[in-house]
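Participant: Given next are the chains, with one letter for each unit.
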Amino acid sequence: EPEVTQTPSHQVTQMGQEVILRCVPISNHLYFYWYRQILGQKVEFLVSFYNNEISEKSEIFDDQFSVERPDGSNFTLKIRSTKLEDSAMYFCASSANPPGLLSQNIQYFGAGTRLSVL
Amino acid sequence: LAKTTQPISMDSYEGQEVNITCSHNNIATNDYITWYQQFPSQGPRFIIQGYKTKVTNEVASLFIPADRKSSTLSLPRVSLSDTAVYYCLVGVNQGGKLIFGQGTELSVKP
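Residue numbers (this note's numbering), protein chains in the order written: chain V, 18 to 135; chain S, 535 to 644.
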């Protein structure tokens, strides 16, 4: 069964450092997403991406965050200068169908990257 | 996007059928109902999706009454490995944003 893969599984970094979280979406999917989950809290939407552009982003996704699809298979989330409060699980997801009124838009999630900012 | 309400937690025993009901009174005409499962320290996993009446797959069944203001996820003969958080989501906006609530924490005991 195709799956979304994320690397690394655990990233430890010092406050103020840049981190890049990597994702390989399911191969025929065209719509990509990042979510995060702080320990004990809800899964929160960060950003959606299609056709090399951000479709939507949340208030959390400020100027410290960026996303990129550097090649045909990878999708990355960069945090420029990490803060303590960025410590969370970060999940990448992908979907085959576009979001929209009549779409089923089933999103498939990776296992996540645990980011620990010290 | 429709607001959903589901129980915070449920307990069950191995071999029992578990039904988790979700209320979504302001569901829109074109909204689908989707359920995800999440194990600790893992990403949400798609279980089942439906629009009306009944949908069944190898994992679960989804029952949706005619007014679509609620839905029930049915897990037949649960095992310990079904212990997880279950999320009911209704609709998705144009940007693809899924809104997760607190979900229902299902605990299956031996």
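Since the hints were derived computationally from the structure, they do not count as laboratory data.
Quick caveat: nothing in here was measured; it's all calculated off a predicted structure.
Glycine is no exception: its CB is placed at the ideal position from the N, C-alpha and C atoms.
Some clues are possibly wrong.
Some chain S residues close to chain V (C-beta under 10 Å, calculated; not the full set) [stated by the list, open to error]: (1) Y547; (2) Q572; (3) F597; (4) P599; (5) L632; (6) I633; (7) G635.
Derived CB-CB ranges, DEER-like [stated by the list, open to error]: (8) S:N591 / V:K59: 24 to 34 Å; (9) V:D79 / S:E551: 40 to 50 Å; (10) V:D88 / S:Q628: 39 to 49 Å.
Some chain S residues well away from chain V (every beta-carbon gap over 10 Å; in silico) [said to hold, decoys possible]: (11) E551; (12) G577; (13) V626; (14) V642.
Participant: Against each hint, give a clear statement of whether it holds in the structure.
Facilitator: Each hint, compared with the structure:
no., hint, result
1, Y547, "26 Å, violated"
2, Q572, "8 Å, holds"
3, F597, "18 Å, violated"
4, P599, "20 Å, violated"
5, L632, "6 Å, holds"
6, I633, "7 Å, holds"
7, G635, "7 Å, holds"
8, S:N591 / V:K59: 24 to 34 Å, "26 Å, holds"
9, V:D79 / S:E551: 40 to 50 Å, "45 Å, holds"
10, V:D88 / S:Q628: 39 to 49 Å, "27 Å, violated"
11, E551, "25 Å, holds"
12, G577, "3 Å, violated"
13, V626, "5 Å, violated"
14, V642, "21 Å, holds"
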